[in-house]
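Line order of the protein sequences matches chains A and B.
Per the numbering used here, the very first residue in the first sequence carries number 11; after that it's consecutive.
Per the numbering used here, the very first residue in the second sequence carries number 64; after that it's consecutive.
One thing to keep in mind: the hints can contain errors.
What the hints assert, rightly or not - Calculated lysine-lysine pairs in the PhoX-like style (CA-CA distance at most 25 Å, straight line):
(1) Lys122/A x Lys372/B
(2) Lys99/A x Lys178/B
(3) Lys806/A x Lys472/B
(4) Lys439/A x Lys950/A
(5) Lys266/B x Lys385/B
(6) Lys372/B x Lys809/A
(7) Lys917/A x Lys706/A
(8) Lys917/A x Lys341/B
(9) Lys744/A x Lys341/B
(10) Lys38/A x Lys230/A
In case anyone wonders, no lab produced these hints; they're calculated from the structure.
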Amino acid sequence: MTYKIGLDIGSTTIKAVVLDEQDNVVYKSYERHKSRVREMALEKIIELKDLLKDNKVKVAITGSAGLGIANMGELPFVQEVFATTKAVKKYHPKSDVVIELGGEDAKIIFLKGAVEERMNSTCAGGTGAFIDQMASLLNVDLETLDTLSQNYTKIYPIASRCGVFAKTDIQPLINQGAQKENIAASIFQAVVDQTITGLAQGRRIEGNVLFLGGPLSFNKGLRERFIDTLKLNEDEAVIPDMGPYFVGLGAAIFADSNNESYSYRQLLDALTRSANTKVSQAGLPPLFQNDDEYLEFKNRHALAKVDHTELRTYNGKAYLGVDAGSTTTKVVLMDENNNLLYTNYTNNKGNPIDVVKAQLEHIYLQNPTLNIASSGVTGYGEELIRQAFHLDVGEVETISHYRAAKHFKPEVDFIIDIGGQDMKCFKIKEDRIDEIILNEACSSGCGSFIETFAKSLGYDIIQFSQMGLLGKNPVDLGSRCTVFMNSSVKQAQKNGATIEDISAGLAISVVKNALYKVIRINDPEDLGKNIVVQGGTFLNDTVLRSFEIELGKNVVRPQISGLMGAYGIALIAKEQAPVKSSILSMKDLVDFSHESKVINCNLCTNHCSLTINTFNDGKRLIAGNKCERPIKGETNFNIPNVYSFKYSKLEEYKDIKGSGHRGEIGVPMVLNMYDNLPFWHTFLTSLGYDVVLSDKSSKAIYNKGQHTIPSDTACYPAKIVHGHILNLMEKGVKQIFYPAMTYNFDEGISENCFNCPVVAYYPEVIEANIDLDNTQLLYPYISLNNRKDFMKKMRKYFKENGIIISKKEMEEATEKAFIQYDKHKIEVEDYAIKALEYAESEGIMSICLAGRPYHIDPEINHGIDRLITSLGCAVISEDSIARNSEFKKLKVLNQWTYHARLYQAAKYVSTLDNCEMIQLVSFGCGLDSITTDEIRDILKVNDKLYTQIKIDEIDNLGAVKIRIRSLLAAMRNRGEEDATR
Amino acid sequence: MQQDNRVEFTQEMKKTHTILIPNMLNMHFEIIEQLLISEGYKVELLKTTHHNIVNEGVKNVHNDTCYPALLVVGQMIDALKSGKYDLNKVALIMTQTGGGCRASNYIHLLRKALKNNGMEQVPVISVNFYGLETNSGFKFTYRFLIKAVYAIIYGDMLMWISNQCKPYELNAGDTEAVDKKWTKRIADQMHSPSFLRVKRNYKAILEDYEAIPKSNEEKVRVGIVGEIYMKYSPLGNNELEKFLIREGAEPVLSGLLDFIAYCCENMVLDYDLYNINKVNRNLARIALRYLVHSQNKMIKAIKKHGKFKVMSNFNEVKVMAKDYISKGVKMGEGWLLTSEMLELIHSGVNNVICTQPFGCLPNHIVAKGMMRKIKDNYPESNVVAIDYDPGASTINQENRIKLMLSNAKMNMEK
């Protein structure tokens, strides 16, 4: 008998399939390998000894971690998608599409028509590992997650691009108390969306769909999301029994086509050889050269401590600080001398309210007569916890951290805090926070990342981090986002790196990430002399040591590193102590209960989903709101906002109609149209067209076009164009006008006047990827800078498309269009001037929200402008100010019109008191890698704060709010100091 | 408007300073190195490949900056920090395409990096044809430009023919020896007018390559297109050509001349579409004629020799994508990239790797944006896009390429 073995060694699991001569499956298995890939492969063959020992075997290895093993053992290897296709063709020949999700891979195979196989690219989550991560975030096992998901009532939008984004979306939902059932289903929906945008890339998934791989085989809820979204009927969705083993099956079939067969002994030897191969690789130097270094390190850090006082017997005033962070809740109880009475650091298990309640009960139980004189809360869950337990003080977390750091090092000039999700750095100058740097969504490979990783490798975090200290050759893992590190680790595993080296390598990566990606230092001296490090992640000695080595200097890590936010807010609560604290008493706690439910707000067309928490005393807390309307009602809307002014001005064009004798023409409200609409609308209307604009942007519009997007890493403003075009087609227009504009208006403020490549040429993507049927897409290559040439070229273009326009018509339309464009511009500028005047007369601050014209779309900016006005600041825009001020050459090549406006605005803002700039950057915008540094420089030279907010399809105003509140706190702080000087 | 305070590369510096050139194409750049020396410059081609280049890049440029810039800046800063050069006697050189792609700004990123490392005295020479920056010590003479055209054409030819030999050579290293021999010979010829004796050179080159003992086995041919640095630079694409040869495939790379011609063609189009820069248009037309004419001579030589596959000339390439994308798309590699994919498919190379830096803006349009349409029209095409960046692991890239290769091999066996 000759058996055929397929070994599928993936990123997280090892699958084995054995076929007999009649191709019957005589053995199959599916196990997690916890990165012991080569050992597990060998053990698997040892386990099969009884079956195989007296027979011939043919073998093929597949899977992302299988290549190294195959090479070392000199065994045949087959690429996994290729193997899958083999098995599908044999066992399920009627399949049209195969969707296979694995640990870190996602694949789609189209079998009908042109065969196409797609794998997820380097930046993509939405896989098994992502689901694992999310389950551990919700603190449930996979089975429970699946069960929960089947009882959902509502799906939340969760970013589907990569795990890091999704996590930032999910965390606020957890904090707001949204139901786990709904979150679970939303997680699965995110995976589905990711598969559709990331993999299908413009090809429709239809017909008979075969679902393969572990996650799809084991999670009914996930399959349901797919079936629902793809609108498949029962016969079309096929879930084979062999689903999890399918790739292994394909490998076994492939093995059959090999000429070579092995005896059991030979196979065993080959895998033994592979398991024993020592792979030498250039690792990084170890963290400690010798024991003395380790001891010095330990002793030095033992000094930064706080003393403890016995809680049970304490009878003075006590101060409570709660830091309701993203994954953990921290509690500090402090005595009058700032010594610790009680501390706690708990994973909030998705429910911070329960954690705080339990902690309070615990404290009261130990000392029933305790006098809590004041209490405060900070962090993500600030509002929720403050309302729930009637705490006295709330403060933004950045300020709390600074307060605590000052306690340990009064002369501190730099603080870096790496928590579970966030990385925060503050530069302190003259006793105030001078610069706040937070991690951008894409590089947040922070503490929880190490923890999740440790878990996935089968260790707890403490064990894992201690192992890192012993790493002899820490692996070099690069320093990008989690997804990238996952595959780097995979590669290291393939090369046989030890867990110690991986642990150390991860810590070094996190540190490099922080230093070079988030803070972007060139020189350790930039950070200042007195550095305090804090946050839960620095409790990990491996991270701490890596940080010191990378910086080349010693830093202070308070022993309560993970509790600094809570300690800081306790100190603040003490300073701002009320006459009597309003905190819930022991008795109140007994009666305490709360429930949360989700509704859709109906106060405007956004229909934000709100989570309403109701407490037993009848108090309600609304979370998830983007503006203050659901809380404050319709009042308080006097604060000027250039963003909403511009947007409403453009909306007015929907009602402007001319003679319309040439019939309807569609214009998509996308990208540069937010700037050029007054021009094109007037132009087309004047030519006799009835202009039909696409509807307001929304997730629904985006989803409409999702399946036609060819490049999932393009920016959100570009990706949403697809939906707008389809929206216009649904309206029945026969022509769509969407010009391709290499050049923008030359406004005399830059050396050239380009649009970015995406803005300039997106019509090409539309033309090549959307089935336009009978709709004609008119996309002339046109420039507006030479009026005569413009008219000539436009007439020619129309003529080529069978539309005759007389010279006179063209002249009139062009004239009107230019006049209207200028008029619009001046209206906006006038409004901005008034806004600044209003701010000055009312004594409020103003924020220049600087981005691109299309950032005024509420679906793209997620209501950040309204969030700012709700915090009491006027909002102006980059294109509403300083358009005419003198243009000076910059260090960078200033050749894009929209970017030139940013530079001009930054310079203008620098001359204003009480005005700061926030730069909005769309994720994936390559050009902003140039502008951000330049704008930071312009603002810094002029002693202004630089704040950047990255936006994407994710809708996470929680983090944005913290940043803006931190900025406002810094502005106020600065204002007060100026006043006292 | 010229009020920036960059350090100019002066005529005195031409005598005292060594210009460091970042490497992109092994054979081409060795010839160009000698070209510059023959014109009286002191130069050194940076052939470094060690890991610290990436580290320096990551430290010195914004993390969203695309990978080619990161590598080039990293390579230069790494060299300057190596202690091998006197910082007061060294200069750097970088191209500036002047288009709407952010690549035009890389020279400024390099200067910023120099400043941050306290090396602002090092002059950076911009190579551009738009007059963006000028240096009194670095000028393009007519002779210089002619030499450059030939340097590129010879480079293109060597690369093109070498790739048809290397995968099939019976004795490992034979092809490389011929590569080395001819790169050196042409480089040396830059010092005299003998590089102009193209007929003789072409013939001798072809004969030398033909003489290499080769097998007749049929191999999968794989085209490489993409962002220009990623397409060519072994440092950038993790030695993609070598990898393909190791995997039993024949790499097919079109030449650098097409890209230069593409830039000229865009100047012509700028006038046609927007009525701007008439002078540039006229110069570009003359240049184009000369480029295509010179390229044709080389192609004819290959044709006449008859033993190697022939490349398409630029005039054939440039009309390839007319049903796909407008030639108005001129940022980055623009319409040329789409054309190159189609040219490959038309000439029977259905397997194509499109190399791009992660997050490359023009490639959203001209590469990924066009793939669906190409696949629809050519179901047998087998195109894979590979992203490169400092964090991307080679295993992930190789795995995707392997999938493409498995399919290519299956298609070949059909």
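* To do: Taking the numbered hints from earlier one at a time, note which ones the structure violates and give those numbers from smallest to largest.
  => Failing hints, ascending: 1, 2, 3, 5, 6, 7, 8 and 9.
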